[in-house]
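Enquirer: Please model the complete structure; the sequences and the hints are all you need to start from.
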Amino acid sequence: MNDAFFQEYWWFLVSLLGALFVFLMFVQGGQTLVWALGRTEQQRRMLLLATGRKWEITFTTLVTFGGAFFASFPLFYSTSFGGAYWVWMLILLCFVIQAVSYEFQMKRSNVLGTGVYRSFLLLNGVLGPLLVGTAVGTLFFGAEFIIDKQAIVLPGEPPVISRWATPWHGLEAVLDIRNVLLGLAVLMLSRCLAHLYFLNRIEDVEVRSRSLRLLPWEIVLFLVFFLSFIGFWVTADGYVVGQGGSIAVEPMRHLHDLLAMPEVLVMLVFGVLLVLTGLLMPLLKGGCRSGIWSAGLGTVLTVLALLLSIGWHGGVYYPSLADPPSSLTLSNSCSSEYTLKVMSAVSLLIPFVLAYIIWAWRALEKSPIQLSEVDQSH
Amino acid sequence: MEPIDTSLIDWSRAQFALTAMYHWVFVPLTLGLGLIMCLMETVYVRTGKEFWKTATQFWMKLFGINFAMGVATGIILEFEFGTNWSNYSWFVGDIFGAPLAVEGIVAFFLEATFIALMFFGWEKLGRKTHLLSTWMTVLGATFSAWWILVANSWMQYPVGMEFNPETVRSEMVSFAAVALSPVAVTKFLHTVTSSWVLGAVFVVGVSAWYLLRGRHTDFAHASIRVAAIFGLIASLLTAATGHQSGVDIARHQPMKLAAAEGLYEGGQGVGLVGLGILKPGIDWSNPSEDPFLWKLEIPCGLSILATNSPEGYVPGIKNILEGGYVGEDGLPELSAEKKMEMGGRAIEALAASQAGKNEQAVRILRENFPYFGYGYLKSPAELVPPVVPTFYSFRVMVILGGYFIALFAGLLLVGKRIGRWKPVLLAVLLSIPLAYLASEAGWIVAEVGRQPWAIQGLLPNCAAVSKLSACSVQTTFWIFSALFTTLLLAELCIMVRAISDGPDKESA
Ligand code: HEM
Chain R
1 MNDAFFQEYW WFLVSLLGAL FVFLMFVQGG QTLVWALGRT EQQRRMLLLA
51 TGRKWEITFT TLVTFGGAFF ASFPLFYSTS FGGAYWVWML ILLCFVIQAV
101 SYEFQMKRSN VLGTGVYRSF LLLNGVLGPL LVGTAVGTLF FGAEFIIDKQ
151 AIVLPGEPPV ISRWATPWHG LEAVLDIRNV LLGLAVLMLS RCLAHLYFLN
201 RIEDVEVRSR SLRLLPWEIV LFLVFFLSFI GFWVTADGYV VGQGGSIAVE
251 PMRHLHDLLA MPEVLVMLVF GVLLVLTGLL MPLLKGGCRS GIWSAGLGTV
301 LTVLALLLSI GWHGGVYYPS LADPPSSLTL SNSCSSEYTL KVMSAVSLLI
351 PFVLAYIIWA WRALEKSPIQ LSEVDQSH
Chain Y
1001 MEPIDTSLID WSRAQFALTA MYHWVFVPLT LGLGLIMCLM ETVYVRTGKE
1051 FWKTATQFWM KLFGINFAMG VATGIILEFE FGTNWSNYSW FVGDIFGAPL
1101 AVEGIVAFFL EATFIALMFF GWEKLGRKTH LLSTWMTVLG ATFSAWWILV
1151 ANSWMQYPVG MEFNPETVRS EMVSFAAVAL SPVAVTKFLH TVTSSWVLGA
1201 VFVVGVSAWY LLRGRHTDFA HASIRVAAIF GLIASLLTAA TGHQSGVDIA
1251 RHQPMKLAAA EGLYEGGQGV GLVGLGILKP GIDWSNPSED PFLWKLEIPC
1301 GLSILATNSP EGYVPGIKNI LEGGYVGEDG LPELSAEKKM EMGGRAIEAL
1351 AASQAGKNEQ AVRILRENFP YFGYGYLKSP AELVPPVVPT FYSFRVMVIL
1401 GGYFIALFAG LLLVGKRIGR WKPVLLAVLL SIPLAYLASE AGWIVAEVGR
1451 QPWAIQGLLP NCAAVSKLSA CSVQTTFWIF SALFTTLLLA ELCIMVRAIS
1501 DGPDKESA
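In the order they appear, the protein sequences are chains R and Y. First residue of the first sequence: 1, per the numbering used here; consecutive thereafter. First residue of the second sequence: 1001, per the numbering used here; consecutive thereafter.
One should not assume that every hint holds.
Covered by chain R, per the in silico footprint, the following chain Y stretches (three or more residues, Cβ under 8 Å) [said to hold, decoys possible]: (1) 1065 to 1078; (2) 1287 to 1301; (3) 1318 to 1331; (4) 1412 to 1423.
Derived EDC-like pairs (lysine to aspartate or glutamate); straight-line CA-CA distance at most 16 Å [to be verified]: (5) Y:K1049 / Y:D1504; (6) R:K341 / R:E8; (7) R:K341 / R:D3; (8) R:K149 / Y:E1348; (9) Y:K1124 / R:E373; (10) Y:K1318 / Y:D1290; (11) Y:K1318 / Y:E1289; (12) R:K341 / Y:E1171; (13) Y:K1467 / R:D3; (14) Y:K1053 / Y:E1337; (15) R:K366 / Y:E1123; (16) Y:K1338 / Y:E1322; (17) Y:K1318 / Y:E1265; (18) Y:K1295 / Y:E1311; (19) Y:K1378 / Y:E1341; (20) Y:K1318 / Y:E1348; (21) Y:K1378 / Y:E1337; (22) Y:K1467 / R:E8; (23) Y:K1378 / Y:E1367; (24) Y:K1124 / R:E365; (25) Y:K1128 / Y:E1050; (26) R:K149 / Y:E1166; (27) Y:K1049 / Y:D1218; (28) R:K149 / R:E365.
Among chain R residues calculated to face chain Y with C-beta under 8 Å, some are [claimed, not checked]: (29) R53; (30) A71; (31) G82; (32) N110; (33) T114; (34) G115; (35) F232; (36) V234; (37) A236; (38) T277; (39) M281.
These aren't lab readings, by the way, just hints derived from the structure by calculation. Glycine residues also receive a C-beta, built at the ideal position from the N, C-alpha and C atoms.
Expert: As structure tokens, this is what we get:
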């Protein structure tokens, strides 16, 4: 197994964590639906109880994603986090307020009042997926950074390797509609998945029928945003790395990459089909409960395929708009072979981690949540 | 080399200190109260007495309130290495990122998965499975402390690495050396045992409040007994591991020890300052007078601590800056100026090696690399950390360490009679903030005492920071201050309310 193998393996793991995170953001989607689906206080509490048992896994996946990215591709971590400062800070802030809200919202003497903690959840629900999606959009369409390793030794320069080329420090990403489209697609996907999750977990006729009424509109919006993103992406120009790290622009580069990796293309198509199947299942089969499994697996496969397609195959996974030669590829941004190998050994624990997560979920979720459970909840 | 804006460095440090100190308000209680909760639930499962179930559930309710804040403040820290210390993240990401990734895979998921079972599983799981979930949650939190302290220790004592001039960064050559570094082991043991002390002080303090109020007295006496036994063991372990931490810093970070002791001129048979008052406004890189207004010394104490011999040599700030004494490795220590010169040479050689393949440049770089970070400094005075906070924090921590031993021993000796002595109960209650003070003071010693280094000897803060405007960092600093302070206030009110509701009331 050579250097490239371990780089691709870690890109796969980081992408898998990212893909799981996008799926698990059904928690965020659910938080935005509490008011639309729950008309009575009891119903809202029931919905929050359902997402409240899962939020920590989503949160932990985000934190692990950060740690894994840092360890395996430190140049991305240092360049993007240090440069697109405002975007990442906003994302972090909206996760900070989520972390306390589930625990504090129903407690007495909670100072801010239940309403404020619930609006924190709403804010996290909307901004979380939107900002994460928009930020991830820059992996597909580029960001404004410059990397100069000489800076650490050059006289007259502050000794900092990565710089951001705009004073907006990441906020300029919203000026590119294609990034925003991805953000909106992720937001709508998180809401669609939340509907499916509630249909699976919640035993309440009113909530279920409202969910079934809203779902078709959410699916349409999701498809509009997602397909526009895909359309822009496959037709966009992309960077190709030449000899000695030089960069050339190639029209429809991403489409060519996909075609060059048929396994990834198949995964993408299959993933999208599974998402669509999962989304349509409850509509076609009168409130069927298992849509979340198909759409969940589909989401993981789709996001995984999209991320693999930009990183594998010697591709540029973080294009620099300000200075194309600074663009990041797996090989110019990864950790040393030794570190990747050591961590690969640690990654063998992942199946055990997955196994106990699944065991724990099943132990806790033997039967759907009913109104009566709300009163005894923690 | 054009210096980076110092206000940017200061604000970035301030933001990291702020977020780390807030985070540390919640972590030790998670570790300490968590273990007490595990012990009580174990007693419940073994005896089947409902009393212990109620007690466990009560402490678990407080654990949950505290835990949420720990999670909220913790996420910032992980990403802050990237957002505010991006150059650092590149320079050492190959080594430093690994413990963080392992922490996520091994520890965080354990914690996050089992905590849901612990809170929501009382009715759904068998007794033993529930007990397992509680232990797993606390084990997850403790594992996570292990890995993050491995990362922190590596910054204090960088081992298991080599600099690679081609990639312009340090790279890991031995994961075992990083993960099992002796500094990491001591730091983990001291941090965790001192957190157990905090948890125990919290439990006896809250119980003392019930006794003061004449409420839930059986529950309070039982809790005091469990926590005092646990606390006494923990506080003795804290003192022992604290001593080992002192030995470690004497070996690897002598400047930190000198600052913690206010030792300007060292020598043989140096005394340990038990108590002391520093003269204000002293320039510690070159004081013109005796820096102490008053001090109470244990003769030869510092020499014994640092070298195990009453006659042992301990360098002071002046000696470290001037060099010339025999160092840990048996060789004469270089002066600060010499180290800066060698650091400058290392940086120049790196520049030369980047300009083209140049074996000689690489050789010069390797020879001088141990002092690489000194090349970024402008004057030896920069090597002196802020002495005043380091000195006083050290005293506060150690004196309180002694006080906690006495407190737990006293509680065990008097047993239930304590219920009659209101002033003592009040003192026990007021010990809760003191435990937090000791714990935060410990981190001030560890972190302020190692300035100006992000990585000891290799990378000073000025070369570690992200290139942002000071104003941006200032803005996020104030946002975090306002947010965390508000949330802390809310947490305190919820906690006080839950405590005043008492153990037999369902959580609301
Ligand atoms: C009883 C005597 C004690 C001694 C001799 C002692 C000694 C030390 C020393 C030398 C350090 C600095 C270690 C470094 O920079 O690497 C330290 C750090 C620390 N101490 Fe203590 N300590 C004592 C008691 C306590 C108590 C009672 C607490 C809290 C309840 C505490 C909490 C901490 C913490 C949180 C740190 C920072 C983490 C670390 O560096 O280990 N210590 N202590």
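Enquirer: A separate judgement is required for each hint: does it hold in the structure or not?
Expert: Verification of the hints:
| no. | hint | verdict |
| --- | --- | --- |
| 1 | 1065 to 1078 | holds (count 11) |
| 2 | 1287 to 1301 | violated (count 0) |
| 3 | 1318 to 1331 | violated (count 0) |
| 4 | 1412 to 1423 | violated (count 0) |
| 5 | Y:K1049 / Y:D1504 | holds, 15 Å |
| 6 | R:K341 / R:E8 | holds, 12 Å |
| 7 | R:K341 / R:D3 | holds, 9 Å |
| 8 | R:K149 / Y:E1348 | holds, 14 Å |
| 9 | Y:K1124 / R:E373 | holds, 12 Å |
| 10 | Y:K1318 / Y:D1290 | holds, 13 Å |
| 11 | Y:K1318 / Y:E1289 | holds, 13 Å |
| 12 | R:K341 / Y:E1171 | holds, 13 Å |
| 13 | Y:K1467 / R:D3 | violated, 31 Å |
| 14 | Y:K1053 / Y:E1337 | violated, 64 Å |
| 15 | R:K366 / Y:E1123 | holds, 12 Å |
| 16 | Y:K1338 / Y:E1322 | holds, 9 Å |
| 17 | Y:K1318 / Y:E1265 | holds, 6 Å |
| 18 | Y:K1295 / Y:E1311 | violated, 21 Å |
| 19 | Y:K1378 / Y:E1341 | holds, 11 Å |
| 20 | Y:K1318 / Y:E1348 | violated, 28 Å |
| 21 | Y:K1378 / Y:E1337 | holds, 10 Å |
| 22 | Y:K1467 / R:E8 | violated, 30 Å |
| 23 | Y:K1378 / Y:E1367 | violated, 21 Å |
| 24 | Y:K1124 / R:E365 | holds, 9 Å |
| 25 | Y:K1128 / Y:E1050 | holds, 15 Å |
| 26 | R:K149 / Y:E1166 | holds, 10 Å |
| 27 | Y:K1049 / Y:D1218 | holds, 14 Å |
| 28 | R:K149 / R:E365 | violated, 51 Å |
| 29 | R53 | holds, 6 Å |
| 30 | A71 | holds, 3 Å |
| 31 | G82 | holds, 3 Å |
| 32 | N110 | holds, 5 Å |
| 33 | T114 | violated, 11 Å |
| 34 | G115 | violated, 14 Å |
| 35 | F232 | violated, 28 Å |
| 36 | V234 | violated, 30 Å |
| 37 | A236 | violated, 27 Å |
| 38 | T277 | violated, 29 Å |
| 39 | M281 | violated, 27 Å |
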